[in-house]
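Novice: Based on the provided sequences and hints, a complete structural model is requested.
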Amino acid sequence: MHGRVKIKSTAQQEEEKRKEREKKLKAFVSARDAVLKKRSAGEHDEEALQLTQQLLSSNPDFATLWNYRREVLLHLETLREKDEVQKLYESELHFIEACLKVNPKSYGCWHHRSWVNTHLPQPDWTRELGLCDRCLSLDERNFHCWDYRRVVVKESGVSVEQELQFTDRLIGSNFSNYSSWHYRSTLLPQLHPQPAPDSAPNTSPSPTTSPQIHSHRVCEEQLLKEYELAHNAFFTDPNDQSAWFYYRWLLGRAEREEMISCVYVSREEERVSVAFSKPVHAQLEGLMLVLDGQPQQVEWRSAHPRLRHSPVWLCDLPPSSISDLSNEHNLTIHWPEKHTHRDCALYTGSAESWCRDSATDQELFRSELSVEKSSVLQAELQSCNQLLELEPQNKWCLLTIILLMRALDPLGHEKETLAHFQTLKEVDPMRSTYYSDLCSKFLIENTILKMEYAEVRVFSLSNKNLTTLCHLDQLLLVTHINLSSNQLLRLPPQFAMLQCLEVLEADDNAIESLEGLYHLPKLEEVSLRNNQICKLSDLESLASCTKLIRLDLRGNPVHKTANIESELSQLLPLVTALAL
Amino acid sequence: MAAEDLPSQFDVVILGTGLAESVIAAACSRVGQNVLHLDRRSYYAGNWASFTFNGLLSWIEEYKNQQEVQITESEQVWRSLIDEGEDVVPLSSVDSSISNLEVFCYASEKEEETKAPLTSCQPVNAETVSEETNGDSAEAQDTVTGDDAKASDAKTQNEEHKVSEPKEEQHIPDISEPSQSQEEKEPQPISSPADPPVEVEKKITYQKLVKEGRRFNIDLVSKLMYSRGALVDLLIKSNVSRYAEFKNISRILTCRNGKVEQVPCSRADVFASKQLTVVEKRMLMKFLTFCLDFEQHPEEYQDYTEKPFREFLKNKKLTENLQDFVLHSIAMVTQQTLMEEGLKATQHFLRCLGRYGNTPFLFPLYGLGEIPQCFCRMCAVFGGIYCLRHSVQCLVVDKASNKVKAVIDTRGQKISCSHFVVEDSFIRDEQRQSTAYRQISRAVLITDRSVLPSESDQQISLVTIPPLEPSAPAVKMVELCSSSMTCMPGTYLVHLTCSSSGTAQEDLAPVVSQLFHVSTIPGEEPSEGAEERSKPAVLWVMYFNMRDTSALDSSSYSLPSNVHVCTGPDGSLGSDYSIKLAESVFLHILPDEEFCPPAPNPEDIIYDGDGPQSEGPGFDESANTEADKSQAEEEEEGAAHEKSPSTESSEPAEMDSVTQQAPSDTTPSSEE
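Those protein sequence lines, which keep their order, are chains D and G.
Per our numbering: the first sequence = residues 1 to 580.
Per our numbering: the second sequence = residues 581 to 1252.
Rather than coming from a laboratory, the hints here were simulated on the basis of the structure.
There may be inaccurate statements among the hints.
No farther apart than 30 Å at their CA atoms in a straight line, the calculated lysine-lysine pairs in the DSS-like style are these [to be verified]: (1) D:19 to D:38; (2) D:425 to G:924; (3) D:19 to G:817; (4) D:19 to D:105; (5) D:225 to G:839; (6) G:817 to G:924; (7) D:105 to D:87; (8) G:866 to D:225; (9) D:225 to G:897; (10) D:101 to G:817; (11) G:817 to D:8; (12) D:425 to G:1115; (13) D:464 to D:415; (14) D:17 to G:817; (15) G:896 to D:425; (16) G:1115 to G:791; (17) D:441 to D:425; (18) G:854 to D:225.
Specialist: This is the structure in structure tokens:
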């Protein structure tokens, strides 16, 4: 046909391509063998550079070749004049750049580039920065480039302001970029640090002597700008989590100071229990107990052998050291490493005594978002509520609102919080268990607060859909606990921290394991009706509770076990009132 | 050269080199059809053409000196070629698609000179343009074959001295214009007295515009390419995209309450917008997200079927602000547009976002006129034959079948063909069912700065201008910077387009004076008012109306069934209309062939010369292998670059490897 262009058939093309590939492979393999031979012969010459260059241009992830190249370069460096060395390394940079064009995510290339730049007599960091910017504009999530860029920035002394502007630019072009937001969070405290606490008197109602460390904070003026930036991002796209995470960071995250929060001493057991603000390993901390001025040799153990790091540690005093009711004793726990100690006086006639910080001290459970002033938090809560009106199904917004409410007034917002949790579970069923656990945690916190206000040692939290138990270290002094009608699956090892517990009610749960009912010295009565205790062995830990006399196990599968009654009386000979 | 130079038989003869005709030519040639592609003009692309400034001045001159052409005795010459049983359908030799052309110059003539010697300072007014417009196209026509090769040589010489003597360049001696001697010249009615040039800040003089005229590529039609529109898809599918380069439209602006501001349309724009409250941001994003797949949520809109889109927007709780953005700048529809159409337009806009950048549009470097030429080039690569300044006088119709069997060209040669494709402007009124047309109003401005200056002075902006008053049409404005290779550095080329309600000047002058500083009194400096100062000054402006025949279809003409009429450019922003038209014509001609299948890679083409290359004498070029062809093309492109050096090439050489991939320059390639 006239003028019609003739085209090779597909088979012809395939065949040609196949041949081409074979040829390439052959060339590659022979070059590779030649290079490896040269290396084992210890040859460090120009030819080695050329050969490795050929190979690396087609496969930049061949780490051995980069190593060999470095050996050759180091050798050549010793032979040449300074400006020749500069040229040598500059051409190396050009070569790497070519490799990066083939594969911008090659570990070998980026690593080699850092190495070359540290060996270059006169490195051109501006150019390197330009290269990073170019690479990041092509792929803003290339973490290899981000890593390399950090090196360049450090070496070239780019100002923090410029870097902040850099993140502005990246976030402006696409705010779904964790790297930029995170980078921002490291730059802001350097650029706009929070003024020292004494210079700015705290006007918020919270006590100024907070037990928290404020770290990596940013001055308020800048913070307000950052809040606005985050608002812009999550109002534009509320499903994008990067801005929400940044927002959480902005709202603050305080760390509790490590301290001894409670010392409890019981005459009868001749035992001391110590609670810490964070889980510690008391055996390694060099904890010291001084009784009436006399240092005591005691053995610290955690409340449960499975807890190696624990917020509660126990020790037994030497026999008869405090058993006489008519004596008064002074006890001091020293924590030399943290330069802190706590005293506790056991008065005449008292069977027990304690010294502790109250949990009603608001800071305790607000530690996640507590650093901000409440006026700021209030404003943020309003913004989030505004968004929630527009996006009632948005999980990030709901979760943030819950956190803000907790930071502001956990008890006052309890009802709303529970409603939001319900919505969260509906809109994000994949994470409903997570939300249930979080909700349980908050409910427990609230109940602890209520208990503290009432100044009682009774903890009651029944019929609240609890799925997990936490903050058990705060319940060290509780004597009665009611957890009935929840969804608990187990009494975890931490339950053994309830050293004063006398009565436990946990009916109508789904408890399978009683691991935590372990060496509870005062436990007398346990009610576990309608749970999922199946095997006799599940009850074994109860044997360590030497005061246990009443046990209700009605409605548990374990009653089907053969000879259950005789087995039980053998296991728990002291239990006099057993209901099966 | 003698008329006998052309072969006397083709599969398809195509008259007119506008976008639709060129696409059809490429598509037919690609699947092995024997194509003859003609245009009576001396440049490619018809009303889609781009001109250098000087080329445009010549085009205007032609328009002013238009001639009424009459069918003359030359008929007799070809009468003899008509056999028994054949009928003749004459074609029009007058292109009446442009009207109401007016030109005003505000750039000072020279530093102190106030005379008005040159053409462009006189408003001209006429109903028709001449058959032949010798204005030169910016591009050397490498695909010109045979006798036209000479003409393009002549043209190049032309361009060089046109600057000083425009009048003398009107008629290039060319034997391909046999009818010219018969043309009667009609003096132009001059509608208003000559406007003396006005001095504007002495920066850019008229002289300078003329001197730098080759840096301009001024489109007659102003369109953008939707990045997921039919044109881009076709360019990718057919590999024609390799013949051109593209740039992103960098921002979308609108004019509200007399102020130009940026329209937040992408996610990043919305995030960064300082004009919107956070709640507005949410509402806008929510609405746009819904529009992306609105079909999935019929409950959201079903109550609004047959109701205006605007009402629907109101119901979606969008603030007035946002309603304007969506209606005018994103959907780009009117107050009256119905909900469904508005939603579809919004969806199309949004789907195009982000493919090549933060706006949905691309613009071809060197102007839109490049695109038809790219398709012509592909047609030529596959053996199509090109003749400019060469038209068809009449069709020879077989009476029995009522089908065209041949055409008689302007040199009196009878060329047989099985299909004839023709641009609408060649059709005589007798063949039309109706001669009432819609019109497009156009204005082309050269200005001295951007309507919304920003950090970068190299922005390509689409400005959507809502109707100034309820009855007025909405205006689409495209502001091109010099890096788009359409104007000289330091200037902006501004295109305004709307559907006509009056003449172009009546429609568009109010918008121009709202957004730009237009001098009214000779020698007047921009008034001291800050507002006037801040507006860009108009250096030069041209108004004209272009006929919009896009509403016509085959039932609008009484023509044989194998004559396919391609209507000219439509008034919309994209080119989808013309591409769809081209495809439907192609499928009409060749129902069993694929429309523009991907062109093969050069390395897959077999070069052995033993194929039956049955080309006739006089067009050796078309017989060349593609390798030669593309080499020629490269040379040509090189020349074009020389003419207006790329701004990108000023990157530091050492950053070559990575920096060269400037993200703003996007060439559509197969889907990433």
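Novice: Has the given pair, residue 225 (chain D) with residue 839 (chain G), been kept, meaning a C-alpha gap of at most 30 Å?
Specialist: Within the cut-off at roughly 27 Å; holds.
Novice: Decide if the proposed pair is consistent with the structure: residue 854 (chain G) and residue 225 (chain D), CA atoms, cutoff 30 Å inclusive.
Specialist: holds (13 Å)
Novice: For the pair supplied as a hint, residue 19 (chain D) and residue 105 (chain D), is the alpha-carbon distance within the 30 Å limit?
Specialist: Answer holds: residue 19 (chain D) to residue 105 (chain D) is near 29 Å, not above 30 Å.
Novice: Please verify whether residue 866 (chain G) and residue 225 (chain D) have alpha carbons no more than 30 Å apart.
Specialist: holds (24 Å)
Novice: Given the hinted pair residue 101 (chain D) and residue 817 (chain G), is their Cα-Cα distance within 30 Å?
Specialist: holds (27 Å)
Novice: Taking only the CA atoms, is the gap from residue 441 (chain D) to residue 425 (chain D) under or equal to 30 Å?
Specialist: holds (15 Å)
Novice: Taken at face value, is the distance from the CA of residue 924 (chain G) to the CA of residue 425 (chain D) at most 30 Å?
Specialist: violated (36 Å)
Novice: Is it true that the CA of residue 896 (chain G) sits at most 30 Å from the CA of residue 425 (chain D)?
Specialist: Given that 30 Å is the threshold and the Cα spacing comes to 28 Å, the pair holds.
Novice: Hint check: residue 1115 (chain G) vs residue 791 (chain G), CA-CA at most 30 Å. Holds or violated?
Specialist: Given pair residue 1115 (chain G), residue 791 (chain G) holds - Cα atoms ~25 Å apart, limit 30 Å.
Novice: Would you mind confirming whether the straight-line C-alpha gap from residue 464 (chain D) to residue 415 (chain D) stays at or under 30 Å?
Specialist: holds (12 Å)
Novice: Is it true that the CA of residue 105 (chain D) sits at most 30 Å from the CA of residue 87 (chain D)?
Specialist: Given that 30 Å is the threshold and the Cα spacing comes to 26 Å, the pair holds.
Novice: Is the Cα-Cα distance between residue 817 (chain G) and residue 8 (chain D) 30 Å or less?
Specialist: holds (19 Å)
Violated hints, in rising order: 2 and 12; the structure is consistent with all others.
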